[in-house]
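Peer 1: In order, the protein sequence lines correspond to chains A and B. Under this note's numbering, residues 1 to 402 are what the first sequence spells out, in order. Under this note's numbering, residues 1 to 289 are what the second sequence spells out, in order.
One or more hints might be untrue.
Far from chain A, some chain B residues (derived; all Cβ distances over 10 Å) [as the list claims (entries may be wrong)]:
no., residue
1, Ile-81
2, Ile-85
3, Gly-98
4, Val-114
5, Thr-115
6, Glu-177
7, Asp-189
8, Leu-203
9, Ile-219
10, Pro-220
11, Leu-268
With a straight-line Cα cutoff of 25 Å, these simulated DMTMM-like cross-link-like pairs (lysine to aspartate or glutamate) come out [as the list claims (entries may be wrong)]:
no., chain 1, residue 1, chain 2, residue 2
12, A, Lys-250, B, Glu-41
13, A, Lys-253, B, Asp-59
14, A, Lys-102, A, Glu-82
15, A, Lys-327, A, Glu-154
16, A, Lys-212, B, Asp-146
17, A, Lys-241, B, Glu-41
18, A, Lys-116, B, Glu-41
19, A, Lys-210, B, Asp-59
Here chain B is said to cover these stretches of chain A; the calculated rule only asks that three of the stretch's residues, wherever they fall, bring their Cβ under 8 Å from a Cβ of chain B [as the list claims (entries may be wrong)]:
no., stretch
20, 102-116
21, 271-277
22, 383-395
None of these hints come from the bench; they were simulated from the model. C-beta atoms are modelled at their ideal positions from N, C-alpha and C, and glycine is treated no differently.
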Amino acid sequence: MSKSSDWDIERALDAMQASGLSRRTLLKRTGAGALSLGLVGFLAACGDDDGGGTSEAQVIPKAEISETLTFANWPLYIDIDEETNQRPTLQKFQREYGTRVKYVEEINDNVEFFGKVRQQYEQGNSGGRDLHVVTDWLAARMDRLGYVQRFDKEEMPNAVRNIEDAVASPDFDPEREISMPWQSGQVLLIYRSDRTGGELTSINDLFDPKFKGRVTMLTEMRDTVGSVLLGEGIDPEDATKDQALAAIEKVEKASRDGQIRRFTGNEYTRDIARGDSVAILGWSGDAVQLIADNENIAYSQPEEGFMIFTDSMQIPVGAPNAFTAQKMIDFVYQPEIQAAITEYVNYVPPVKGAREILQDRSPEVAENELIFPDLAQAHNFKTFSEDEEAEIEAAFQRAIGA
Amino acid sequence: MSFLQRRRGLLPYLLLAPGLAWLLLFFLVPLYYMARQSLEEGTIFTGFEFAWNFQSYTDAIANYDEQILRSFLYGGMATLIAFAIGFPLAYAIAFRGGRWKNALLLLVIVPFFVTYLIRTLSWQTILEDNGWVVNALQFVGILADDGRLLATTAAVVAGITYNFLPFMILPVYASLERIDGRMLEAGYDLYGTRRAVFTRVTLPLAAPGVVAGSLLTFIPAVGDFINAELLGTPRQTMIGNVIQSRYLELTDYPTAAALSFILMALVLVVVLIWARIVGTESLMGVEAR
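Bound-form chain A, shown alone:
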């Protein structure tokens, strides 16, 4: 049997070589095939619409407490017991509600996360997520595109009662219906005290020619532009588009002249630790860590005021356990729970009463200005209209080199 099939194969191969199929005819025929398929597809899909969600968010209906909950967050943003590798807050939640929380640290960058989930959220599919935590400008965008659900505030009494005034009413969500702060952070001056020859107090110190080529700023537009506006004496919450564009021009000029070395995410921690940069804009959570590790690094809250950013919890469309997610949000707004989280992550908590609890337990945390700043000095960035925002963002991207 095998012998005759061997011959068959031989003959088939000979036939193939004799068939006159050359590279040229193959390319021609495949090209023609692909082109005709493509043409059909082109015509069929012509005039297709893609994107553009509505912003009619649905209020979450009442339901039963679920057995599981999926919580997407940034890394190192919740308390963790280093010995057992468990997260005490989530364990406490399970004890109270019986829900097992699946905690996924999948968010590393706002635009990256948006790029990842956009298609799913567009279809109304949350990818299994019940909660995600994103920075306020992305929270605003998620709402505009109709990717998140509205809270039923009756189910969140703790949140309503305990939210800090400073973050209770942002311009993109004045009633806090589609976002609830998780933690806030400050944008500060961080510098090498051994290289600057003294303390830095003003944002404009970053433009001091003494530090040419040793200054870095942040790739987060609102943090950098907001800080520069404060340095100019303008409140970023009331700034006009032209003022923002002028601030961006100032930054662009400094970058062109070589004053600003580069624009970073949290890689700035490496640069300043190595001494490649000497005076930078950075975030308060990192500052706590940098100062603890290196006695030559110091921080300063600029005298003009500082930018505050807030990362908020939202419930995406299509979340399978939306009702329980609300309970989780409410749960972390209890001062004792929040105190435990803040003690570990060292960012600014949005909950009244957390500081008092920490006074006894961890006074160095309670007294730390990085964690409990004077919020009167804190400024948010105005939420511009879509067109203005697009223009400002494009100008900023050009300024930082892309």
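Go by the hints and put chain B onto chain A.
Peer 2: This is chain B only, laid out in the frame that chain A set:
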């Protein structure tokens, strides 16, 4: 079997079908969607509508000509430097390697066991302002006392060259290896000087490897964005960075898609010109006459 005997012409297509299907599904179809996207107009808020919007292409070329030129410049420089470093090395391994050949080749490949991103990050540490490299150069006087290597054009080009060097060395080595020693002997027998034999026998015979190596180095180098991001300043941004920023940060998908096509078209043009100069026979590896 008799089905195939009756339709002999079909056999080649059947054998090629898996490869063609893969190419169609994972290359042509995405390419088509990207082409469609480049002609769309709108934002993520208003939705994207297909509108034969060739404006994206003209705007993209007008706005980013600097980055496009810079990418080709850096890519070209990286290829030339890689050739300058790689060819002598490949020659040495092929003709003088002896029993160390395999070990040397391994040394060429070993850096690739570490992922691209980490290799580039490690250059940040090597070139840091207070590191031994910068200190040595300052001591010798090549670098000014307050000069730096990181966050400069030199660092970006060096990074790109380093990352693509094995792509130049290996193909060149492969074609040098294949040169029949008797050809060289014949050259010497015909009263050829060492220089003449090199330029008129070795080099043309190595041409296929050189062409392959330079293409493998140049094409990815032009589209690179990691080196510019990690080792450079905003004044070194390349077209890859622009595409990334347009796509991720600004969600301006039509411009990003248009830029990708422009990049592809320009690279194709350069490759065709290069192929013309070198002669297409050498691409096919036909022995030089």
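Peer 1: All the hints need checking, so say for each whether the structure fits it.
Peer 2: Hints, one by one, checked against the model:
For Ile-81/B, the condition that its CB be more than 10 Å from all CB atoms of chain A holds, with the nearest at approximately 23 Å. Every C-beta of chain A lies more than 10 Å from that of Ile-85/B, the closest at about 27 Å, which supports listing it as non-interface. With a minimum CB-CB distance of about 40 Å to chain A, Gly-98/B clears the 10 Å threshold, and the non-interface call stands. For Val-114/B, the condition that its CB be more than 10 Å from all CB atoms of chain A holds, with the nearest at approximately 18 Å.
The beta carbon of Thr-115/B sits about 17 Å from the closest Cβ of chain A, which is more than 10 Å, so the claim that it is off the interface holds. Interface exclusion of Glu-177/B from chain A stands, the closest Cβ pair being 27 Å apart, more than 10 Å. With a least CB separation of 39 Å from chain A, Asp-189/B remains clear of the 10 Å interface cut-off, as annotated. In this structure Leu-203/B is separated from chain A by more than 10 Å, as the shortest Cβ-Cβ distance comes to about 28 Å.
No beta-carbon of chain A comes within 10 Å of the beta-carbon of Ile-219/B; the shortest separation is about 20 Å. Against the 10 Å criterion, Pro-220/B stays outside the reach of chain A, whose nearest CB is about 19 Å from its own CB. With a cut of 10 Å on Cβ distances, Leu-268/B stays outside the contact zone with chain A, its closest approach being about 16 Å. Among the hinted pairs, Lys-250/A with Glu-41/B is inconsistent with the structure: their alpha-carbon atoms are about 31 Å apart, more than 25 Å.
Between Lys-253/A and Asp-59/B, the direct Cα distance comes to roughly 23 Å. Compliance with the 25 Å bound is thereby established for this hinted pair. A threshold of 25 Å between alpha carbons decides the hint, and for Lys-102/A with Glu-82/A the separation of about 18 Å falls inside it, so the pair holds. With a C-alpha separation of about 11 Å, the suggested pair Lys-327/A and Glu-154/A falls inside the 25 Å cut-off, and the hint holds. Pair hint Lys-212/A plus Asp-146/B holds up; C-alpha atoms about 10 Å apart against a cutoff of 25 Å.
For a cut-off of 25 Å, the pair hint linking Lys-241/A to Glu-41/B stands: about 24 Å separates their Cα positions. A hinted pair counts as satisfied when its Cα atoms are at most 25 Å apart, and Lys-116/A with Glu-41/B qualifies at roughly 22 Å. For the proposed pair Lys-210/A and Asp-59/B, the alpha carbon gap of about 39 Å is over 25 Å, so the pair is violated. For the stretch 102-116 of chain A, the stated coverage by chain B holds: 4 residues have a C-beta nearer than 8 Å to a C-beta of that chain, and at least 3 were required.
Against chain B, the stretch 271-277 of chain A contributes 3 residues with a C-beta closer than 8 Å to a partner C-beta. That satisfies the three-residue criterion, and the hint holds. Counting residues of the stretch 383-395 of chain A whose beta carbon lies closer than 8 Å to any beta carbon of chain B gives 4, which reaches the threshold of three, so the coverage claim holds.
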